[in-house]
Structure formats: C-alpha cells, structure tokens
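Listed below, chain by chain, are the residues.
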Amino acid sequence: MRVRKICMIGDFAVGKTSLVSRYVHSTFSEQYLTTVGVKVDSRILELASGDQVKLVLWDIAGSDVLSSVERTYLQGAAGYLLVSDMTRRDTFDTALGLQNQAEQIIGPKPFVMLMNKQDLAQETDMDAEKVTALQHRGWRLMPCSAKLDTGVAEAFAALGERL
Amino acid sequence: MTEAAGKPPVDKKPANDADALDALKSLLLGEEQQQLEEISERVADPGLRSSDIAEVLPESLRLSDSQGSELTNALERPVTTCIQRRIERDPDSFADALYPVMGPAIRQSIAATFKDLVANINRTLEHSLSAQGIKWRLEAVRSGVPFPEVVLRHTLSYRVEQVFLIQNDSGLLMQHVQDDLAVSADADAVSGMLTAIAQFVRDAFQAGDKEGLETVEIGDHTVLLVHGPSAYLACVIRGIPPGHLREHCQEVMEQLYRRHARALAGFDGDPGTLVSTRALLESCLLSEHKDTGRKKGLAPATLLLLLLLIGAIVWGLFTWWSGAQEKRELRAKQEGFLSTLRDQPGLVIAETHFEPKLQVRGLRDPLAVSPASLLGQHDLPASQVDLQFRPYLDVSPRFALQRAKARLLPPDTVRLEMDEQGTLSVSGVASSRWIERASLLAAGVPGINAYDDSELLSHDQQLLEQAQRTLNPPDKVQLSVDQGVLHVEGQAPLAWTQGLPNSASKLARLLGLNIQVQTDEQLQFQALRQDVEGSGIQFIEDTVFDSAQEQQAAALAGRLQQLLFLADSLGYSVQAVIIGRTDGLGSPVYNEQLALARALIARDTLIMHGLPSNLFQLQTAVGQAGLADPRQRRAELRLLVSAPQPSGLQ
Numbered sequence: 001m002r003v004r005k006i007c008m009i010g011d012f013a014v015g016k017t018s019l020v021s022r023y024v025h026s027t028f029s030e031q032y033l034t035t036v037g038v039k040v041d042s043r044i045l046e047l048a049s050g051d052q053v054k055l056v057l058w059d060i061a062g063s064d065v066l067s068s069v070e071r072t073y074l075q076g077a078a079g080y081l082l083v084s085d086m087t088r089r090d091t092f093d094t095a096l097g098l099q100n101q102a103e104q105i106i107g108p109k110p111f112v113m114l115m116n117k118q119d120l121a122q123e124t125d126m127d128a129e130k131v132t133a134l135q136h137r138g139w140r141l142m143p144c145s146a147k148l149d150t151g152v153a154e155a156f157a158a159l160g161e162r163l
Numbered sequence: 001m002t003e004a005a006g007k008p009p010v011d012k013k014p015a016n017d018a019d020a021l022d023a024l025k026s027l028l029l030g031e032e033q034q035q036l037e038e039i040s041e042r043v044a045d046p047g048l049r050s051s052d053i054a055e056v057l058p059e060s061l062r063l064s065d066s067q068g069s070e071l072t073n074a075l076e077r078p079v080t081t082c083i084q085r086r087i088e089r090d091p092d093s094f095a096d097a098l099y100p101v102m103g104p105a106i107r108q109s110i111a112a113t114f115k116d117l118v119a120n121i122n123r124t125l126e127h128s129l130s131a132q133g134i135k136w137r138l139e140a141v142r143s144g145v146p147f148p149e150v151v152l153r154h155t156l157s158y159r160v161e162q163v164f165l166i167q168n169d170s171g172l173l174m175q176h177v178q179d180d181l182a183v184s185a186d187a188d189a190v191s192g193m194l195t196a197i198a199q200f201v202r203d204a205f206q207a208g209d210k211e212g213l214e215t216v217e218i219g220d221h222t223v224l225l226v227h228g229p230s231a232y233l234a235c236v237i238r239g240i241p242p243g244h245l246r247e248h249c250q251e252v253m254e255q256l257y258r259r260h261a262r263a264l265a266g267f268d269g270d271p272g273t274l275v276s277t278r279a280l281l282e283s284c285l286l287s288e289h290k291d292t293g294r295k296k297g298l299a300p301a302t303l304l305l306l307l308l309l310i311g312a313i314v315w316g317l318f319t320w321w322s323g324a325q326e327k328r329e330l331r332a333k334q335e336g337f338l339s340t341l342r343d344q345p346g347l348v349i350a351e352t353h354f355e356p357k358l359q360v361r362g363l364r365d366p367l368a369v370s371p372a373s374l375l376g377q378h379d380l381p382a383s384q385v386d387l388q389f390r391p392y393l394d395v396s397p398r399f400a401l402q403r404a405k406a407r408l409l410p411p412d413t414v415r416l417e418m419d420e421q422g423t424l425s426v427s428g429v430a431s432s433r434w435i436e437r438a439s440l441l442a443a444g445v446p447g448i449n450a451y452d453d454s455e456l457l458s459h460d461q462q463l464l465e466q467a468q469r470t471l472n473p474p475d476k477v478q479l480s481v482d483q484g485v486l487h488v489e490g491q492a493p494l495a496w497t498q499g500l501p502n503s504a505s506k507l508a509r510l511l512g513l514n515i516q517v518q519t520d521e522q523l524q525f526q527a528l529r530q531d532v533e534g535s536g537i538q539f540i541e542d543t544v545f546d547s548a549q550e551q552q553a554a555a556l557a558g559r560l561q562q563l564l565f566l567a568d569s570l571g572y573s574v575q576a577v578i579i580g581r582t583d584g585l586g587s588p589v590y591n592e593q594l595a596l597a598r599a600l601i602a603r604d605t606l607i608m609h610g611l612p613s614n615l616f617q618l619q620t621a622v623g624q625a626g627l628a629d630p631r632q633r634r635a636e637l638r639l640l641v642s643a644p645q646p647s648g649l650q
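First to last, the sequence lines map onto chains A and B.
Counting with our numbering, you get residues 1 to 163 for the letters of the first sequence.
Counting with our numbering, you get residues 1 to 650 for the letters of the second sequence.
Note that these hints are calculated values from the structure, not bench results.
In this text, a Cβ means the ideal position worked out from N, Cα and C, and glycines have one as well.
Hints should not be assumed to be uniformly reliable.
As the list claims (entries may be wrong) - Derived CB-CB ranges, DEER-like:
| hint | chain 1 | residue 1 | chain 2 | residue 2 | range |
| --- | --- | --- | --- | --- | --- |
| 1 | B | 143 | A | 150 | 39 to 45 Å |
| 2 | A | 138 | B | 76 | 29 to 35 Å |
| 3 | B | 65 | A | 30 | 55 to 61 Å |
| 4 | B | 251 | A | 131 | 53 to 59 Å |
| 5 | A | 150 | B | 76 | 38 to 44 Å |
| 6 | B | 57 | A | 131 | 56 to 62 Å |
| 7 | B | 96 | A | 148 | 36 to 42 Å |
| 8 | B | 220 | A | 150 | 40 to 46 Å |
| 9 | B | 94 | A | 158 | 41 to 47 Å |
Take the sequences, apply the hints, and build the full model.
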C-alpha cells in the first residue's frame with residue numbers, strides 16, 4: 001500500500017484541524033485550540049479503483065504566509081488541501097497566496113481548495129467571481145462543513161484520486 | 001542528395017530493370033544483402049528467434065536489474081499471478097518445494113519465541129515474591145501495565161523497542177519494526193511528527209544540511225536519530241542506551257545504503273519496495289538486562305518446569321499405583337467378605353460377580369446372620385455391594401435347635417441339645433405346664449425327628465428330690481410334692497417333726513408344707529394313757545391300806561410319772577381325777593365319806609410317790625344302794641388331757 005503525504009494549509013482558524021479530526025477520528029469540537037507547529041495523523045483511503053492509499057496528513061499551523069519551518073513541512077508532500085473559511089473573505093485570498101507559495105516550494109502538485117464552515121451559509125462572505133474564475137482555471141473548489149460532516153470525506157477522496 | 005537521387009527511377013521496363021537492379025544490388029550490396037536475408041529469415045522463424053532471445057535473456061535481466069527497478073516492477077504482477085495460479089492448481093508441489101525452507105524457518109521462529117518467553121518468565125518469577133517484586137506488582141496495578149512488562153522495564157538496562165526508517169524531507173515512513181512487547185501508536189504519524197520536530201529544531205537553530213537532531217529523550221525513553229543521505233533511522237529505546245548502540249545503528253544505516261541505495265533514493269511512498277530492509281532494521285532491536293549472566297545454574301522457569309514435570313510424573317505414577325493398590329485392596333476385601341459369607345451357616349452362595357461391583361446371589365435361612373451386617377468387618381461400603389438372597393430353611397441340627405429354642409421358649413433352667421440324627425434332648429427343670437406344651441410343639445419344628453425329655457424334671461420333682469436329700473426323713477415318713485406344696489405323712493420322732501418346718505423353709509421353690517405326722521412320743525403317751533386310764537387301788541374293806549394297796553399305788557405312781565414326762569415333752573396338759581368308789585352296802589352317807597377317804601388315801605399315797613399335788617382332783621362315786629359289789633371298793637384314776645392342735649406350714 002502506497003503512502004502519500006498531504007499537507008493542510010490555510011489561514012488561522014479556518015478549520016484545518018477540525019477537518020482532520022472529522023476525517024480521521026470522526027469527531028468535532030466547538031472548542032478552538034490553535035495548532036502550534038504541525039500535527040500529523042493518518043488514514044487509509046480506498047480509491048475508486050479499489051486500491052488503497054494511506055494519507056499521512058500534516059496539519060500545519062495556520063498562517064497567512066508560510067514560515068521557513070512550515071516550508072520544510074511541505075517537503076515531500078504529494079498534494080495539499082487549501083482551506084478557507086466561507087464566512088471570512090480574507091481567508092480565501094490567503095489561501096490563494098499560500099497556494100502560490102506551496103507551488104514554489106514543492107512544484108505543481110495536486111490540490112483541492114476547501115471552503116469550510118458551510119454550516120454558516122447565512123454568513124457567507126465569498127467573492128463569487130473569484131471562485132468562478134478559479135474554477136475556470138481548473139481548480140477544484142469544494143464547500144464543506146467539518147461540523148456537519150458534509151463534503152469532508154469527498155474532498156479528501158477527490159485529492160486522493162488526483163495523487 | 002540530388003532530386004534524382006531522392007526520387008525513384010521511372011519504371012519503363014519492369015522486368016529487365018528489376019533484374020538489372022538486382023544485379024546492381026548484388027554487385028554493390030552482395031554481402032550485406034545476404035546478411036539481411038539471413039536476418040529476415042531469423043526474424044520470421046519463431047524457433048530461431050526464441051533461441052536468440054534465450055541466449056541474451058539472462059544477461060539482459062541482470063543488466064536491467066542493475067539499472068533500476070523497472071524490470072522488477074514489470075515482472076511483479078505476472079510472476080505473482082503465475083505463482084497464485086500454480087498454487088491454486090497444485091498446492092502440494094509448492095508445499096514440497098517450500099518444505100526444506102519453511103521447516104527450519106518455523107523451528108527457528110518457534111525456538112526464538114520460546115526462548116524469549118522463558119526469559120520473560122524467568123524475569124517475572126525472579127521478581128514475583130521479593131519485596132521489590134511486590135512493589136512492582138503494586139505499580140502494575142496502579143498503572144494498568146501488565147506485571148511482566150513492569151518487570152521488564154525495571155530489569156532492562158536498555159531495550160530498542162521500535163526502529164523507524166523515515167524519508168528525510170517528507171517524513172514518510174519507509175519501514176518500521178518493533179519489539180513484541182512494544183506498544184506503538186500510529187507509526188506513520190509518529191514518523192511524521194518526529195520529522196516535523198527535527199525540521200523545527202534544525203530550522204530553529206539554523207543548523208546546516210549535515211546537522212540534525214541526534215537524540216530525543218522523553219521520560220525513560222530515548223530516541224536515537226541516525227541520519228543518512230535520504231532517510232534516517234529513529235530507534236526508540238527504553239532505558240539508557242549504551243554508547244556502542246549509536247555506532248551499531250550507524251553501521252546498519254551504512255549497510256542499508258550499500259545494499260538498498262537505489263530503493264532508498266527512489267522511495268515514492270510504497271513501503272513494499274523496502275521490505276527487504278527489515279532484516280537489517282531488526283538487527284537494531286537490541287536489549288540488555290541488568291542481571292544478565294548473574295545467575296548460575298538452572299533458570300527459575302526451567303527449574304520450575306522441571307519440578308512441575310517431575311511432580312506431574314510422580315503424581316501420575318502415584319495416582320496409577322494408588323488406583324491399582326485401591327483396586328487390589330478392594331478385591332481382597334471382596335474376597336474376604338465372600339469367604340466369610342461362605343463360612344456362615346444358613347447361607348448358600350450360588351453366584352458372584354466382581355464387576356462393576358461385587359454382586360452376590362444365594363439363599364439365606366431366616367435365622368442365619370444378615371450378609372449386610374458382615375460388610376463392616378471387611379470395611380466394605382454397602383453401596384459397592386449388591387446382595388440378593390432368597391429365603392430357605394436349613395434343617396441342619398444347628399438351625400433346627402435355633403428354631404426349637406425360638407418355638408419352645410425354654411426357661412433358663414432348661415437346656416436343649418440336638419444330635420446329628422435330629423433328636424432334640426431337653427434337660428433341666430421346668431414347670432409341668434411348659435413340659436407338656438414343649439412336647440407338643442417340638443413335633444412341629446422342621447429338622448426335629450425325635451423328642452427326648454427323660455432328663456427333664458418338673459419343679460415338683462426337683463423339690464421332692466431336694467426334700468429327700470435335705471430333710472432325711474425316717475423310714476415311716478412319706479414325702480410328696482404337689483403344686484409346690486410339700487406333704488409329710490407317717491410316724492417320726494418328735495424332735496425330727498419339730499425341726500421339720502425350719503428345715504423345709506430352706507427348700508427352693510417350696511410354696512407350702514403340710515405335715516401329717518404322728519410322733520413316737522404321742523403313740524407312747526396314748527398307750528400309757530390307755531393303761532393308766534381306769535386303773536386304781538383296789539380296797540378290800542373300808543380304807544384298809546396294806547401292802548397290796550401299796551404295791552398298786554407304787555405301780556400306778558410309776559406309770560403316772562412316765563405319762564407326765566411324755567405329756568410334758570408333747571406339750572399336753574394333764575389333770576388326774578381320783579374317783580373314790582364304794583359298793584351299795586351301808587348307808588349312803590357313810591359310803592360317801594368312805595369314798596372320799598379312799599380318794600384321799602390314794603391321792604396322798606401318789607403324792608408320797610413323787611407326784612405333784614396339783615395334779616389331782618377328787619371325786620366320789622357311791623354304788624347303787626343295797627348292791628354289794630366288792631370291785632367298787634376302790635379308788636379309780638381318770639385322766640383329763642388337753643393336747644395342742646396339730647401344727648402345719650402353709
């Protein structure tokens with residue numbers, strides 16, 4: 001069984017750790033605990049072909065710019081998940097910046113952009129035009145909710161299929 | 001190249017031109033043409049082509065393997081498929097082929113596992129009962145960690161529990177081996193986090209490319225990091241690692257790169273490509289005990305196992321021996337019981353079985369001993385014996401005698417005996433009623449053919465015999481006994497008769513005494529009384545008392561003396577009446593006086609002869625007037641005797 005390193009990158013408090021917790025441990029906590037450095041977990045993903053792949057998930061501490069050590073955390077990643085908060089427009093922009101940084105560090109790798117906190121849809125603060133533009137560029141953008149467990153597994157599966 | 005040369009020539013005369021062209025080719029390319037044809041022929045011929053490939057295939061495989069893993073990757077699936085199909089079709093041939101390899105491998109694995117097990121047991125036993133062991137056991141209870149694991153922790157100098165082979169940059173786990181007792185978390189996550197920490201440290205302290213985290217210490221764990229070009233080893237150690245351990249790990253890392261450099265460098269996330277590194281990694285799973293080599297002789301577990309084995313053998317032998325012994329003892333008891341049964345009169349043993357328990361069938365006289373009552377003599381529980389006896393009558397003298405005793409109920413004074421001819425002899429003393437009843441009942445007792453009671457006495461007979469012996473009666477006395485009453489009749493001396501009640505009272509079973517005996521003294525008294533009664537003194541005339549009268553008086557006095565003696569011994573009371581008589585001649589008054597005078601003379605004379613004066617009473621009797629009768633001239637004696645009533649004992 002192949003093992004693939006996947007990095008979770010995104011701004012502060014967009015829900016990266018909650019997404020990993022939901023995906024790996026099927027749990028969710030309303031309490032916010034900021035991630036210091038990085039937290040690593042793993043889960044086996046069964047692909048559509050029937051093969052299995054183990055995803056080693058590096059949940060990197062949220063930031064708008066990757067620090068030098070966070071850059072090293074990206075080394076060897078087979079892909080990454082860009083995470084933004086649907087209720088905070090600036091996190092979407094931060095994700096775009098981080099994607100640029102990641103590509104500079106590890107080259108073009110498969111990624112999926114997650115727009116988390118779909119459960120707070122009434123507070124959505126998104127620039128639809130930007131979203132559309134990115135989709136036209138071939139980006140895969142997926143709304144999800146770690147709290148409601150919607151779109152989470154699908155997002156990881158989508159990335160896994162691209163690896 | 002010119003235009004003409006670049007285009008094919010115009011084909012005006014195909015046949016001639018073709019021949020010409022061939023001829024030209026033959027001239028220009030004769031040798032090459034031949035080689036080309038040969039090559040075409042070899043390519044077209046499958047046999048030749050296979051032969052050619054067979055020549056170069058081994059070398060091609062070696063060359064391809066040395067250049068990379070493409071050939072291995074390409075062959076992996078078809079070879080796996082071939083093996084799977086072959087095993088499905090003919091598993092035996094594969095088993096046969098693998099047998100020489102699998103057998104030793106399995107034995108080696110079992111031996112290694114057993115060795116570790118014994119070592120762990122040894123350590124656990126050594127520390128089970130000591131004060132330190134108790135302390136560790138409390139620690140095990142408190143922490144929830146198994147006791148052997150706690151012992152291991154404290155007795156180990158160090159132990160390499162896990163070895164991670166991790167890709168440098170990505171932190172991906174390439175291979176992971178661990179000790180059997182190690183408790184590991186998600187190895188992929190651990191390798192990722194370890195890498196992240198190492199990268200953080202390197203970044204934090206701005207270390208160079210050749211520098212990195214060497215050691216991590218957490219509690220009683222130490223993680224040794226040994227870095228290679230594209231991967232590093234992380235050895236998780238419990239306890240204090242010795243200095244040479246890092247060198248050993250470094251050597252292992254170098255060997256890894258010598259043998260698997262390409263696989264390590266080209267790792268793309270598939271640990272399967274590095275399975276062959278596991279043997280080297282496992283060589284890092286070293287450990288050292290604090291007390292290694294301290295003990296001499298047999299290890300406790302070995303000693304314990306040996307003792308248990310010996311104990312089991314001894315116990316088994318003892319169980320077998322005791323079982324056999326118990327069986328022998330039981331059989332001996334059963335035999336003894338049967339022997340006792342056979343010796344018992346009135347029991348007939350017809351059939352016996354010893355399995356599954358002692359079964360005895362037979363006959364039993366109701367008077368014979370109960371077979372079950374004999375079990376206790378042989379210490380046999382009733383539950384282990386099945387006794388079935390049917391009743392019958394034993395007519396042997398012994399049982400006939402028992403039945404006679406039961407039927408006749410003889411008193412203690414009677415003795416019953418049987419002879420071999422079936423004659424019941426009864427002796428002793430019994431009541432007449434019992435004797436009569438016994439003679440009737442004896443005839444109905446089975447086994448009694450004749451009845452003899454000649455030696456049997458009734459109580460009366462016994463009493464009579466006893467009286468004859470004890471009382472010694474005179475010849476003229478007859479003794480008889482009726483219903484316990486002794487009858488004594490006849491004549492006997494007074495002394496014997498007087499002592500009879502006292503002597504008879506000593507006779508046993510005497511209910512009464514009837515004495516009808518006349519004593520000798522009574523008879524003499526009566527004879528003497530008859531002689532004295534009416535006798536007297538004959539007077540001739542008036543009161544002339546001469547010698548003749550004197551003689552009569554003396555004789556009479558003598559007889560009276562004798563009579564009084566007898567009366568005294570007999571207890572009789574005697575009064576003598578002296579009657580003075582006269583004839584009818586003379587006057588009545590005179591005669592009356594004369595009669596009184598004669599009586600007085602007679603009394604006085606008798607008194608003079610020694611008789612007591614109070615013995616006598618005086619009377620007068622005068623004869624019929626005018627009648628002369630000289631015989632009336634006399635003094636006549638009459639006796640008044642009062643005798644006691646005849647005595648008897650009732």
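Hint check:
| no. | hint | verdict |
| --- | --- | --- |
| 1 | B/143 to A/150: 39 to 45 Å | 42 Å, holds |
| 2 | A/138 to B/76: 29 to 35 Å | 34 Å, holds |
| 3 | B/65 to A/30: 55 to 61 Å | 57 Å, holds |
| 4 | B/251 to A/131: 53 to 59 Å | 56 Å, holds |
| 5 | A/150 to B/76: 38 to 44 Å | 40 Å, holds |
| 6 | B/57 to A/131: 56 to 62 Å | 58 Å, holds |
| 7 | B/96 to A/148: 36 to 42 Å | 60 Å, violated |
| 8 | B/220 to A/150: 40 to 46 Å | 45 Å, holds |
| 9 | B/94 to A/158: 41 to 47 Å | 43 Å, holds |
Hint compliance for this structure: hint 7 alone is broken.
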